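A.B. asks: Chain by chain, the residues run as shown.
Number of protein chains: 2
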Amino acid sequence: MHLDVTTWSHVFKLDPDKELSDEWLERICLSGTDAIIVGGSTGVTFDNTVDLMSRIRRYEVPCVLEISDQDAIAPGFDLFFIPMVLNARDPQWIVGNHQKALREYGAILDWNQVMTEGYVILNGESTAAKMTQADTALDIKDVEAYARMADRLLHCPILYIEYSGAFGDMALVKRMRDLLHQARIFYGGGIDSPDKARQAAEAAHTVVVGNAVYEQPEQALATVQAVRDVRAHQPS
Amino acid sequence: MHLDVTTWSHVFKLDPDKELSDEWLERICLSGTDAIIVGGSTGVTFDNTVDLMSRIRRYEVPCVLEISDQDAIAPGFDLFFIPMVLNARDPQWIVGNHQKALREYGAILDWNQVMTEGYVILNGESTAAKMTQADTALDIKDVEAYARMADRLLHCPILYIEYSGAFGDMALVKRMRDLLHQARIFYGGGIDSPDKARQAAEAAHTVVVGNAVYEQPEQALATVQAVRDVRAHQPS
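Those sequence lines, one after another, are chains A and B.
Letter by letter, the first sequence follows residues 568 to 803 in this note's numbering.
Letter by letter, the second sequence follows residues 568 to 803 in this note's numbering.
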């Protein structure tokens, strides 16, 4: 298993609140993707999180929990990603929920398994944007400032550019990648075809494929090879 | 000059918006304190910041700007401390103002001079608490969670426990110090005598003396030796 996220170019994000057949789960887990992230915006519970985790655990692929609700924190994952929504207007999504979770689990956490994600949510129509009251009226200089904040001020190992539900501006994503000092850029949103995966792989370090798994699974599966093809022709 | 904050046991915090005679400034700067922090909650401007900095610059003591207002960011300091008020209810004081400042200065900043302070403001009556809408109704587990957040999640080199205007709970401060992994704990608030400075030095890594400089300057000056005496009898 590779738990070094800096080597990941493709990950799938699976939502505990959505149905996925055993057959499709197997195809996803054996696809050659670098990791599976378990996470979602709504309806995520301890039970459906543990259920999905234990099904993924039949395979060797690294399995990460992206924590969005402290009641759904379950042991047994390889890593725990902690999203901090930097452009949230509601401070609960910046540090508030994190403080509550640390109050409960801070003393027993294995910090070697914990990584922060500096999130910037850019699609104002998305559930994530509405839930966090994200300020999505940002120009490129605003996003640059958030990128530097995640990278240099907060030392987040991951800057997550989230367009959730829409395919974003890849020129912007690439520009953020080029200014990062240590963080890796994860891109998520609207990757529902190999072609879009290729474009995203050219801009971001790591491409996250989520909804397409449920909506166009064959296309979603084909994104793994598409990203691999881009990497094969790129210097790392 | 020592720019390694991990060696600092005593610092003075001077407010650009308050009057200090040349004679007293000299006594402060030559007191043997480890550094001078320039910062305040209200009335801080570019002009009064530069004025105070240039007066301190006549002496060899390290001089830090604690940035509270982006309009008062001036060059010429040895270090720049960036406070993030973790228990602020207003997100501007967690990351919002920081994003605006990075939007302006992010590309030209010397990041080697920048350090984050994870602030927890505990005196609800203070100007700082009111300005940031800090949630000060915290029990010890809440403060522990913020301490771990600053230390392990945000990688802040400084956890700043701020009682601003009142002398705090030194048992709490010491408990926070003991759970930190890498951060140093700065304590500020109500240190207006050598005795209080001693108590604070036994609890925190670094003791910050602020208002007393203006209100009881002889007592303030005597805190330097008081802290030194404690350190002389302590393992580092």
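Rather than coming from a laboratory, the hints here were simulated on the basis of the structure.
One or more of the hints may lead you astray.
The list cannot tell twin chains apart, which means a pair is met if one copy fits it or any two copies do.
[Stated by the list, open to error] In silico DMTMM-like cross-links for lysine to aspartate or glutamate, where the CA-CA straight-line distance does not exceed 25 Å:
(1) K667 x D745
(2) K708 x D657
(3) K667 x E692
(4) K667 x E590
(5) K697 x D657
(6) K585 x D796
All values derive from a computational prediction rather than experimental measurement.
A.B. asks: If a hint holds in the structure, say so; if it doesn't, say that too.
C.D. replies: Outcome of the hint check:
1. K667 x D745: Answer is between: at 20 Å across copies they meet the 25 Å cutoff, but 34 Å inside does not.
2. K708 x D657: both (22 Å within a copy, 23 Å between copies)
3. K667 x E692: between (28 Å within a copy, 24 Å between copies)
4. K667 x E590: For K667 and E590, neither the intra-copy (37 Å) nor the inter-copy (48 Å) Cα distance is at most 25 Å.
5. K697 x D657: Both: 10 Å inside a chain and 18 Å across chains, each within 25 Å.
6. K585 x D796: Neither: 29 Å inside a chain and 63 Å across chains, both beyond 25 Å.
Against the hints set out earlier in the document, violations occur for numbers 4, 6.
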